[in-house]
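J.: What follows is each chain in one-letter form.
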Amino acid sequence: MARNLRFFLTLSAALVLLWAFSGERIVDWAFELPLPDALMDPLLDAVFWGKDLKAAMGLPDLFGALRDTLHRLAGL
Amino acid sequence: MVFPTLDFVLFFTAVLGLNLALFAWNGWRKGMLLAASYWFYAAWDLRFLALMTGVILLAWLGGLPGRRKATALRTLCIAGLLGCLAFFKYFNFFLLSFSNLLGDAGLSRDFSWAQVVLPVGISFYVFQGISYIVDCARGDCAERRNPFDVALYVSFFPQLVAGPIVRAADFLPQLDRPERPDAAMRGMAVALILAGMVKKLVIANYIAVLLVDPVYTDPASQAAPQALAAMLGYAVQIYCDFSGYSDIAIGVALLLGYRFNANFNQPYRAASFREFWQRWHISLSTWIRDYLYIPLGGNKGGKGRQAVTLLVVMGLAGLWHGAAWTFVLWGLAHGALVAVERLTGQHRATGARALRIVVVFALVTLLWLPFRAHDLDQVGQMLAALTRPASDYAVPLHGFALMLITAGLALNALPLSWFTRSGQALARVAPEVQALALAAGLIFCFAMAQEGVAPFIYFQF
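Residue numbers (this note's numbering), protein chains in the order written: chain A, 180 to 255; chain B, -5 to 455.
Incorrect hints may have been included.
[Said to hold, decoys possible] If you only want the chain A side, here are some residues facing chain B, beta carbon under 8 angstroms, derived:
#1 A193
#2 R246
#3 G254
#4 L255
Simulated from the structure, these hints should not be mistaken for lab results. A virtual CB, placed ideally from N, CA and C, is assigned to each residue, including glycine.
Pulled out of the complex, with its shape left as it was, chain A reads as follows (with noise of 0.2 angstroms):
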């Protein structure tokens, strides 16, 4: 049980990682969620408290670095 518990939590603490560093996509993301409003609301000021804690912390894009790179080592 410990095991999968390091498992799990570890792989939250690599998500929360990747919406530190990466940009708006997650913001673009919340948008698409099937949510009733009651529930949209909410989230979408949880994600907004977040871009602007990010952008406060001045993380930089390192998803969209990422990506533009293999993007154009690929020749797309």
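Use these hints to put chain B onto chain A, whose structure you have.
T.: Only chain B this time, still in chain A's reference frame:
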């Protein structure tokens, strides 16, 4: 919601956490997985939930008689399930045919208002419902008084929309005795999910966008190199698309503690058509064998009778993919080739295996042509393009697409032991490393992927 998206990754991470938290309470855990599966399906279209629930209830009712001799209830439920499938999959086809007939007679009418939306995954979950009823009747699995167990079996989200078609006898006992994922299961799951993501997001999607779709959009303007590359490309695309989905489904289920059987086994290494069907979409081939081919007579009777049974079964298998003559043609052609092999004894041949693999692969690739084409006219245009040495309007061949075709064929050719060893290597590392490997692989695939979501080919079936 489809597997290779951030939506699904977040959804699945939440389910994984809840599955872990509820592990000691199996009833609650099953309830959570059922709710998650309904949520997953509702993300496609809320209206489909009622249909899926109806299918589940029919399957549950049909299983209640258990091993008792033929009962009207069982027959009615199977007929109801087949009726559902027939209505949703084939109604539009008959409507169009009827509309064309009226048009030919000068009585044109607009029937677009009567068209039926095809619920995603219906072919898969109806087959699972039938499998449950028949397995109960044969005594292969015990009938369930609790409809929620049948509901979870039919709707379990990893296999809900495009298989693998899981057998009740394999899955239901796992609901009673949940398995806690160990290092080996996690290692294999990570390897499978990453292999599936690369196959789908990198190989299948780019071959489709850079090569196959442009060529099939305007086949009349293409020349032989483009037509050949697109046919070869589609063989790789459909393999990577569908086996990629199956890999992810099996990996996701493993992380939750459930085991599914393999759905692909290097299909393009088959040296006969019989062997191809033992390696391609294994869960459908074995379903058709056990619930259709054998009840229709199977290998009993003379060779002629067997050949006719094969043709009927493979024609129906083609029709299962969709209501179009192109699918029927594809199924019948495969049936004819399997029948010819059996009549001539070629399926038992052992010599010149490499040559036979090349011949089978070439014919399978040729037969994907009607499978991919919208109609028989498009098939004719692609065949005509094969005879055209050059064309000013042909699609340029993108080097990356050709490289991906090579990579896809190499993936198919790699020995299974190589892949198993990757899973075993991941089983030996700490759970943190397993999770980081999964996250890093996912980030690579998402970064490499195109913008937007390309649905899996088999979702339309």
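J.: For each hint, tell me whether it holds in the structure or not.
T.: Evaluated hints:
no. : hint : in the structure
1   : A193 : holds (3 angstroms)
2   : R246 : holds (4 angstroms)
3   : G254 : holds (5 angstroms)
4   : L255 : holds (7 angstroms)
Of the numbered hints given earlier, the model fails none.
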